[in-house]
Amino acid sequence: MPARTNAMTERQRIEALLKRETPDRVPLWPFVPNGFAVLYNGLTIADAYSNPEGLYDSLKRAARDFGWVFYPVMVYAAYGAWEFGGEARMPTGRYDQAPVVTRHPLEKDEDIYNLKWPGPDSGLNPTMRRFSELSMREDLDNKPFRATISAGVAYGLACQVAGLNRILKWLIRRPDLAHELIRRLSEWSIARLEGQVEALGNERLIGTCGGPMGSNQLISSKQFEEFALPDIKEGQARLRALGVKHTYVHICGEQNDNLPFWAQVDFGDPGIIGVGHEVGLERAAEFFSNHIILGNLNPAIIQTGSPSEVYEMTKRCVETGKKLGGRYVFSPGCDLPPRAPVENVRMMCKALEDHGWY
Amino acid sequence: MATEERTEELVGELYQAVITMDDEGARRLSQAALDEGIDPYYALTQGLAKAMEKVGQLYADHLYFVPELLLCSDALYAGLDVLKPHIRTGQSDKAKQIIIGTVEGDIHDIGKNLVKIMFEAAGWVVHDLGKDVMLQRFVDEQLEIRADVIALSALMTTSMLAMPTAIEMIRARDPRVAIMVGGAPLTRDIALKYGAHGYARNAGEAVREAQEMLKRLNGSHI
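In the order they appear, the protein sequences are chains A and B. Our numbering puts the first sequence at residues 1 to 358. Our numbering puts the second sequence at residues 1 to 222.
Be a bit skeptical, because a hint or two may be false.
Heads up, simulated BS3-like pairs for lysine-lysine below, C-alpha to C-alpha not over 27 Å straight-line [said to hold, decoys possible]: (1) A/K169 x B/K54; (2) B/K84 x A/K169; (3) A/K222 x B/K54; (4) A/K19 x A/K315; (5) A/K169 x B/K50; (6) A/K350 x A/K323; (7) A/K108 x B/K131.
Ranges of calculated distance between the beta carbons of each label pair, as one might list FRET restraints [said to hold, decoys possible]: (8) A/R339 x B/G130: 22 to 28 Å; (9) A/E53 x B/M134: 30 to 36 Å; (10) B/T165 x A/E21: 47 to 53 Å.
The set of hints was computed from the structure by calculation and includes no laboratory data. No residue lacks a Cβ here, since even glycine has one placed at the ideal position from N, Cα and C.
All chains, please: the whole structure from these sequences, using the hints.
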């Protein structure tokens, strides 16, 4: 919790930023700390994906103990593979981080035409739904949003449904199939938005978007523009039309060449633009001059650095962010590493407390 | 028997087939090379392998991306399938050997596969253990194969924690083998901290890094 008296809460800080006001201190929003939170709470990594009550309580406790934004999200990067008819196993190994896809739904090219939309009880959907219900029940001082809703993720879903190797080859060899699969997934994704907004209400609901599959470590910016961007634009436009005012986009990995395209999307007024450590905060701020910028301490440093290194790197990040005109949120560049040493996480928070005040 | 001029023409076309992701062309040209009496080892090293070296460079320069790499490697393998059975034993006897795998807890193998392709194209004998490889398996394979290099891959901050343990286990049984690591969360600093001898930022740099690592280590304990 903030050491200063009369300090704003993390929720007030985010709400100030959304009103385009400068908060008293840079907020700390650890992106997705789910794995870290369950381990910190004495549970297992698998609980982050199978135990909604345990995850919710763990996130709440971690947010309270470390004084950061409580962002209630249950998510996994491989979402789609299991839900669309593939198979996955829970992360039970000593080095596992998330559910592991063991079979993708598409095994042959022609399977694309038989792809069924997932039912409400497929894959992780029931667990995620239960998590949303828990999250909708209470409003906390450090919880600016009640639930999340993803849109504009059809290309990422296509990677999970078809398998990465297959879809990447299609981008060149069979762009017709790639477009067809993405179109079908986009239709599903957009159709589901209305039901979700109806169930959750659009008040204090935050849109989400992004992921690593569009990164320039995998595809070119031209491929990103052709295959990923149209659905991102459409999904986000639909969210705005449904009254969801803001989106938190996670521009994951090395996406410097994609920034001009991301900048064409309506992420809300303002959107919250999270970038990985591979993208400079100042560069992100140039492309998103009217949005909140979030980032971008290298998670590997939090995992492997010494406490003093974590402190120093956080300080450096915060000092850069504070120069962005009071529209900055500190965060790791990606998930908070589940097995990050607690002392390192404390030092990250301490650096912000020492250097984050405006 | 092809003339020198015809040989260079065919090998040049083979090189182009790989770079332009033309797997059918690579297969056809490899067969043509055999039919016209061109040394298959020459066609492999000067056509296919050189092309993949160029592809690695194009990737490192951000002119090619993973889709292009995957298709170039399809062309490489199409040519290799034709040429390899005809390469006389002894021509590649001195080939270096590498054991490669994605560590336990990690099923991301696209980066590892690209590195594997680059080593194969460069003439190394690659022992690919796959993904989610139990750490003891790296040790067991090394005791059997006695490879020059072991390459460990990880894409997540949890699975990269397996690397220092794996390195320690391998070293305890074979202190002479060179170990390199790679994957998105890794950096050269982390690699050193984990006790690795080498680190490659991407597939395009991996072979060069391995060669330099071996050169460095040959001057010291290896």
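Non-conforming hints, listed in increasing numerical order: Of the numbered hints given earlier, the structure breaks none, since each of them holds.
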